[in-house]
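Peer 1: So the chains spell out like this:
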Amino acid sequence: ETGVTQTPRHLVMGMTNKKSLKCEQHLGHNAMYWYKQSAKKPLELMFVYNFKEQTENNSVPSRFSPECPNSSHLFLHLHTLQPEDSALYLCASSQDPAGYSYGYTFGSGTRLTVV
Amino acid sequence: TQLLEQSPQFLSIQEGENLTVYCNSSSVFSSLQWYRQEPGEGPVLLVTVVTGGEVKKLKRLTFQFGDARKDSSLHITAAQPGDTGLYLCAGGKGAQKLVFGQGTRLTINP
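Protein chains in written order, with this note's numbering: chain S, 683 to 797; chain U, 77 to 186.
One should not assume that every hint holds.
[Stated by the list, open to error] With a Cα cut of at most 30 Å, we get these calculated DSS-like pairs of lysine-lysine:
no.: 1; chain 1: S; residue 1: K722; chain 2: U; residue 2: K169
no.: 2; chain 1: S; residue 1: K723; chain 2: S; residue 2: K734
no.: 3; chain 1: U; residue 1: K135; chain 2: S; residue 2: K734
Calculated from the structure, these hints are not laboratory results.
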């Protein structure tokens, strides 16, 4: 398997539920990212991991909790979300942390609906 | 905050026409990238430009980086329905993370 794989592709959850999003990459990249994509808004960077260490938390509410057990896997744990958290959540990886030399490889995203 | 403004936000044209979309900023970037995102998928990198004035071609797509490295354009010749998608520009500066524009949603009608 090549590229960045995200599961599940679609998720509907209640505001009291706990769920997790999974991302894995087999590209040998050292940096991984979570982005939120909402309608009519630019991609919002949420978290950055470099060599498994979190290097950036872009003022994300604590109801979103990332986990990076190794350089190939990234999780986003969700609990007590709000309806406004409904969005497409994208995982990406890159060879260099800044991403500007080689660009990002994105997964297909998880379409999250909070009801 | 380094903002990237893309224009137009929406563009709908007929197959065979030419078009140009723009990505502008008041900041200087070390590099600028263009991505295309199709419905239900993540963005896919099309090109990276790093030198002021640089022009890169990808089949019918021509990308240009402004001389001052603050802006970029994407020109599509003889657009086809397969070009439909959301086009995102992203700028990089030093060790800072990529900054994305809000995108241009392009629709090519058969």
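Peer 1: Please go over all the hints and tell whether each is borne out by the structure.
Peer 2: Here is how each hint holds up against the structure:
Only pairs whose Cα atoms come within 30 Å are accepted, and K722(S) paired with K169(U) is accepted, the gap being roughly 24 Å. Our distance criterion of 30 Å between C-alpha atoms is met by K723(S) and K734(S), whose separation comes to about 28 Å. Taking the CA atoms of K135(U) and K734(S), the gap is about 38 Å. The hint is violated against a cut of 30 Å.
Hint compliance for this structure: hint 3 is the single one not met.
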